[in-house]
Amino acid sequence: MEIHINGPRPQNGRKVILQGNEACAKGAIYAGCRFFAGYPITPSTEIIELMSSEIVNVGGTFIQMEDEIASACAAVGARWGGKRAMTATSGPGFTLMQETIGFAAVTETPVVIVNVQRGGPSTGQPTMSSQQDIYQVKYGSHGDYEIIALTPSSAQEMYDFTIRAFELSEKFRTPVILLADEAVGHLREKVVIYDGERKIRGGHRNYVVSPQEDFYMGNNSLVEGQLHDEEGKRIGHLAPKSSDFINSINRKITNHIDEIHDIETYLMEDADIAILAYGSVARPALNAVKTAKGIREEAEEKWKKLRFLKGLLKSKALHENPYSHLNVGLIKVNAVWPFPDNEIRRLAEKCKYVFVPEMNIGKYYKEVERCLHHSKVISLPKIGGEIHKPTEILDAIAKEVEESE
Amino acid sequence: MNRLKERYLRLDALPTLFCPGCGNGIVQYAAIAAIDKMGIRNDIACVSGIGCSSWIPCYLNLDVMHTTHGRALAFAQGLKLARPEKQVLVFTGDGDCLAIGGNHLLHACKRNIDLTVVMVNNHIYAMTGGQKSPATPKGVITKTSPGGNYEEPIDGAQLVICMGATYVARWTTAHPVQLQKSIEAGIKHKGFSFIEVISQCPTQSGVSIYGVKDPAYIMKFFKENSYIYKEGMDEPKNKIQCGVLKHDNDQPEYIDRMEARFK
Numbered sequence: 001m002e003i004h005i006n007g008p009r010p011q012n013g014r015k016v017i018l019q020g021n022e023a024c025a026k027g028a029i030y031a032g033c034r035f036f037a038g039y040p041i042t043p044s045t046e047i048i049e050l051m052s053s054e055i056v057n058v059g060g061t062f063i064q065m066e067d068e069i070a071s072a073c074a075a076v077g078a079r080w081g082g083k084r085a086m087t088a089t090s091g092p093g094f095t096l097m098q099e100t101i102g103f104a105a106v107t108e109t110p111v112v113i114v115n116v117q118r119g120g121p122s123t124g125q126p127t128m129s130s131q132q133d134i135y136q137v138k139y140g141s142h143g144d145y146e147i148i149a150l151t152p153s154s155a156q157e158m159y160d161f162t163i164r165a166f167e168l169s170e171k172f173r174t175p176v177i178l179l180a181d182e183a184v185g186h187l188r189e190k191v192v193i194y195d196g197e198r199k200i201r202g203g204h205r206n207y208v209v210s211p212q213e214d215f216y217m218g219n220n221s222l223v224e225g226q227l228h229d230e231e232g233k234r235i236g237h238l239a240p241k242s243s244d245f246i247n248s249i250n251r252k253i254t255n256h257i258d259e260i261h262d263i264e265t266y267l268m269e270d271a272d273i274a275i276l277a278y279g280s281v282a283r284p285a286l287n288a289v290k291t292a293k294g295i296r297e298e299a300e301e302k303w304k305k306l307r308f309l310k311g312l313l314k315s316k317a318l319h320e321n322p323y324s325h326l327n328v329g330l331i332k333v334n335a336v337w338p339f340p341d342n343e344i345r346r347l348a349e350k351c352k353y354v355f356v357p358e359m360n361i362g363k364y365y366k367e368v369e370r371c372l373h374h375s376k377v378i379s380l381p382k383i384g385g386e387i388h389k390p391t392e393i394l395d396a397i398a399k400e401v402e403e404s405e
Numbered sequence: 001m002n003r004l005k006e007r008y009l010r011l012d013a014l015p016t017l018f019c020p021g022c023g024n025g026i027v028q029y030a031a032i033a034a035i036d037k038m039g040i041r042n043d044i045a046c047v048s049g050i051g052c053s054s055w056i057p058c059y060l061n062l063d064v065m066h067t068t069h070g071r072a073l074a075f076a077q078g079l080k081l082a083r084p085e086k087q088v089l090v091f092t093g094d095g096d097c098l099a100i101g102g103n104h105l106l107h108a109c110k111r112n113i114d115l116t117v118v119m120v121n122n123h124i125y126a127m128t129g130g131q132k133s134p135a136t137p138k139g140v141i142t143k144t145s146p147g148g149n150y151e152e153p154i155d156g157a158q159l160v161i162c163m164g165a166t167y168v169a170r171w172t173t174a175h176p177v178q179l180q181k182s183i184e185a186g187i188k189h190k191g192f193s194f195i196e197v198i199s200q201c202p203t204q205s206g207v208s209i210y211g212v213k214d215p216a217y218i219m220k221f222f223k224e225n226s227y228i229y230k231e232g233m234d235e236p237k238n239k240i241q242c243g244v245l246k247h248d249n250d251q252p253e254y255i256d257r258m259e260a261r262f263k
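Here the protein sequences come in this chain order: A and B. Take 1 as the starting number for the first sequence in the working numbering and just add one per residue. Take 1 as the starting number for the second sequence in the working numbering and just add one per residue.
It should be emphasised that the hints constitute simulated quantities derived from the structure, not laboratory data. Small disclaimer: the values here were computed from a predicted structure and weren't measured. It is possible that part of the hints are untrue.
Using 27 Å as the maximum straight-line C-alpha spacing, the simulated DSS-like pairs for lysine-lysine come out as follows [what the hints assert, rightly or not]: (1) LYS233/A - LYS5/B; (2) LYS263/B - LYS233/A; (3) LYS199/A - LYS5/B.
Stretch-level coverage of chain B by chain A, calculated; a stretch enters the list once three of its residues show a Cβ under 8 Å from a Cβ in chain A [stated by the list, open to error]: (4) 39–47; (5) 56–67.
Just so you know, even glycine gets a beta-carbon here, dropped at the ideal spot from N, CA and C.
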């Protein structure tokens with residue numbers, strides 16, 4: 001399972017061991033991020049720490065602001081100064097940034113915001129993982145706007161999706177959220193990284209209403225938080241024009257879902273049970289599919305070579321698979337918002353059941369349920385900060401299938 | 001017709017939403033005149049927050065960012081750091097700057113980052129219809145202090161002096177020429193410049209603070225009840241302290257310090 005960066009991968013990759021958060025910082029540098037403003041918060045702090053040195057090494061600017069509100073504002077301000085900008089935070093800080101996310105959406109400012117989710121509400125569980133911000137990321141700021149959110153599930157995806165976040169934000173001139181979580185942020189894995197800087201196309205977009213020229217170019221750009229016309233002049237007091245504006249900033253995203261959506265599948269071709277997962281939960285979900293199908297992990301294959309373990313493995317993995325009757329496949333959603341209705345409908349139309357494991361009280365499954373009319377959508381929530389075990393997912397599926405048959 | 005009007009105003013955005021007799025026009029003219037005199041039109045951008053005073057730059061034919069309530073300084077710092085060689089002029093008000101944006105003000109001061117802030121102080125939340133602000137004098141009746149304000153007002157200029165701003169001036173709308181010169185000096189100054197302008201709001205605070213609505217009367221009051229501060233002078237009591245209150249060229253500026261550290 002490997003995709004992610006648009007277009008061909010460069011040839012000069014190097015393999016390194018990185019934490020998810022570090023990979024995110026490296027990805028940002030490679031994507032041409034040259035301004036970072038942030039405020040320390042667990043579990044995203046490694047990003048600001050690494051950025052404080054890395055970005056300076058490539059001629060960029062780092063500033064530690066007085067709070068998350070100011071961090072997000074400074075990033076937006078720097079983008080109008082012509083620097084690609086990012087900030088990173090976690091739950092409580094992300095809540096503070098909502099005001100500026102709305103401002104970036106209405107002024108159509110490209111900016112990347114990383115939310116390494118932890119357990120909430122409030123101070124909640126600072127050191128534990130969660131996916132509780134899945135709705136906040138879409139509905140957090142007031143008013144009608146659409147958002148793009150990407151959910152990495154590995155350190156490599158932290159790197160790749162950060163780059164993609166910059167590409168999408170420049171393309172659609174909108175804030176893009178990298179919705180990671182503590183588990184993936186603190187995971188150390190092999191990551192292929194690249195030297196130099198990736199070319200990301202900016203330029204004028206005809207589906208963008210607001211002024212698009214950076215400051216100090218002699219264009220007299222008026223960046224206006226009120227609803228505005230092409231010149232930035234306020235139209236908030238004019239109902240028909242305001243309605244057109246709101247439609248425009250929403251439709252530039254909903255009309256391009258085909259370009260934005262990013263779904264990977266595993267053994268979905270003839271599956272009649274789908275596990276739909278995003279973010280770090282996609283890992284145990286993948287493992288669950290492999291377990292049910294009797295596909296042993298690579299590591300296990302290596303162990304097999306050791307003859308003295310052969311008998312043990314045979315008895316355990318091959319002959320006692322209690323899930324072999326479950327014909328499961330995986331749908332891994334990498335871009336959770338905007339919700340890819342058509343694609344999910346296409347992939348899951350033949351499935352009798354769709355299980356949605358997530359590290360929250362059960363949120364994203366509602367969207368899946370809304371979109372699928374012929375499948376039974378079942379939520380597998382897990383709260384408390386621990387990630388699902390593959391067997392937990394499979395046990396829940398087995399129980400449900402047994403009960404309904 | 002003033003020659004600067006055609007050059008600097010977005011004529012199709014007029015009329016402004018300022019009330020007749022508002023002090024914002026005087027501040028707007030002072031800023032335009034300063035920018036024109038310095039010839040830095042293409043090297044300056046304006047940032048503002050929310051409130052009456054934050055509408056001042058929206059009518060200017062310059063790069064302008066009209067941001068969220070209280071956050072102008074945070075946006076401005078990002079912009080300045082992205083383009084250190086260019087100038088940023090921030091327009092804000094007493095509520096925007098001292099209440100909701102208070103934390104950003106403190107930290108921008110202590111960084112001594114090269115911004116020029118014009119804080120128009122009309123002692124009231126005027127755009128929302130006349131509620132008390134952090135600068136509302138004691139005893140004044142507003143929509144949210146019906147029995148008279150019982151909180152001590154914040155003195156913005158003294159606050160930023162404490163926090164490390166390196167150019168601080170205060171004028172009233174009755175000192176337009178001095179104000180223009182201070183804006184020029186603030187832009188030229190390398191460091192955090194803060195210029196407070198005591199302004200009249202005939203609509204919302206005229207009667208409650210000065211007893212009359214007439215802007216001409218209030219400006220006359222400013223003229224008669226203010227003094228220009230000189231170091232070591234005997235300061236009269238109960239009068240508005242005007243003038244350049246601090247001008248320190250010795251403190252290193254934030255971006256200079258940052259660059260020195262990394263070189």
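Quick rundown of the hints versus the structure:
1. LYS233/A - LYS5/B: Answer holds: LYS233/A to LYS5/B is near 18 Å, not above 27 Å.
2. LYS263/B - LYS233/A: 43 Å, violated
3. LYS199/A - LYS5/B: Given pair LYS199/A, LYS5/B is violated - Cα atoms ~42 Å apart, limit 27 Å.
4. 39–47: Satisfied; 4 residues make the cut.
5. 56–67: Answer holds; 8 residues pass the 8 Å Cβ test.
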